[in-house]
Amino acid sequence: MVAGLTAQITGLFSHFASSDQDPDFTQLQLKRFQEATSDLPYPRHISNSAGLQFPEAQLDAVRLGLMLYGISSSPALDLVRPILQWKTRTLTIRPVPKGEPIGYYGKFVTQRDSLIGVLPVGYADGYNRLLSNRSQVKIRGELVPVLGQISMDLISIDLTDIPDPIVGEEVLLLEDEADSPISASAWAKALDTSPYEVFTSIGSRVERIAV
Numbered sequence: 024m025v026a027g028l029t030a031q032i033t034g035l036f037s038h039f040a041s042s043d044q045d046p047d048f049t050q051l052q053l054k055r056f057q058e059a060t061s062d063l064p065y066p067r068h069i070s071n072s073a074g075l076q077f078p079e080a081q082l083d084a085v086r087l088g089l090m091l092y093g094i095s096s097s098p099a100l101d102l103v104r105p106i107l108q109w110k111t112r113t114l115t116i117r118p119v120p121k122g123e124p125i126g127y128y129g130k131f132v133t134q135r136d137s138l139i140g141v142l143p144v145g146y147a148d149g150y151n152r153l154l155s156n157r158s159q160v161k162i163r164g165e166l167v168p169v170l171g172q173i174s175m176d177l178i179s180i181d182l183t184d185i186p187d188p189i190v191g192e193e194v195l196l197l198e199d200e201a202d203s204p205i206s207a208s209a210w211a212k213a214l215d216t217s218p219y220e221v222f223t224s225i226g227s228r229v230e231r232i233a234v
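The sequence shown begins at 24 in our numbering and counts up one residue at a time.
These are calculated hints, taken from the structure and not from any lab test. The C-beta atom is built at its ideal place from N, Cα and C for all residues, glycine as well. The reader is advised that the hints may include incorrect statements.
Claimed, not checked - Below, computed lysine-lysine pairings styled on DSS-like, alpha-carbon distance capped at 25 Å: (1) 212 to 110; (2) 161 to 130; (3) 212 to 161; (4) 110 to 54; (5) 161 to 110; (6) 130 to 54.
As the list claims (entries may be wrong) - What follows is a list of derived Cβ distance ranges for each label pair: (7) 202 to 151: 19 to 25 Å; (8) 41 to 120: 22 to 28 Å; (9) 97 to 132: 39 to 45 Å; (10) 37 to 199: 57 to 63 Å; (11) 130 to 83: 51 to 57 Å; (12) 120 to 224: 17 to 23 Å.
Please construct the entire structure, taking both the sequences and the accompanying hints into account.
Dropping the structure here:
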């Protein structure tokens, strides 16, 4: 199998296609990989985050993906907890009278005299436009609604019920609590996708801080 190759082989790997949903096929993949590679003198790896529920598949290494962020794709691995937060700060705050449209196409109209905050984040940063008029953010531990169409670089939020909000105040976009309505899993459910897409959609303009 390797005779005649000029490249230096340092390891052998494959990848589980559905370890979070199909244990029978996962075992079949593992069996085939073992049969093809067990006699070869190289490190081997095939398992991923959901594959941790199959200890026999760990071999020489495991390639964690989603679980690095504390998200489990299998009920058998629910001992982890989310660790990623996405934060920003209020860019500006303006009083807006009742009956005024907010954002592109006027998709939200104020139902009362309001205090509207603007955040320097938009769909160009990975805050999906499909969350327009249906998402929330958290400020001072309180959830407040996202108003109107999410634009490329900006989001409008309702600060009317927050006492004396100030420009530059921290706002939580994504929370590291599994049962939060602004968790990665909650976003994924609202967008009919997976937390993988939520995380990988966060753009390069967003500063990363490891703690």
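Evaluated hints:
1. 212 to 110: With a Cα-Cα distance of about 21 Å, the restraint between residue 212 and residue 110 holds, given a limit of 25 Å.
2. 161 to 130: Status holds; Cα separation ~22 Å.
3. 212 to 161: It holds: about 19 Å lies between the C-alpha atoms, which stays within 25 Å.
4. 110 to 54: 44 Å, violated
5. 161 to 110: Given that 25 Å is the threshold and the Cα spacing comes to 9 Å, the pair holds.
6. 130 to 54: Since the Cα atoms of residue 130 and residue 54 sit roughly 54 Å apart, the hinted pair is violated (cutoff 25 Å).
7. 202 to 151: 19 to 25 Å: Check passed, 21 Å falls within 19 to 25 Å.
8. 41 to 120: 22 to 28 Å: 54 Å, violated
9. 97 to 132: 39 to 45 Å: 44 Å, holds
10. 37 to 199: 57 to 63 Å: 32 Å, violated
11. 130 to 83: 51 to 57 Å: Roughly 53 Å apart at Cβ, these two residues keep to the hinted range, so it holds.
12. 120 to 224: 17 to 23 Å: Given range 17 to 23 Å: violated, Cβ gap about 35 Å.
When held up to the earlier numbered hints, the structure conflicts with 4, 6, 8, 10 and 12 and fits the remainder.
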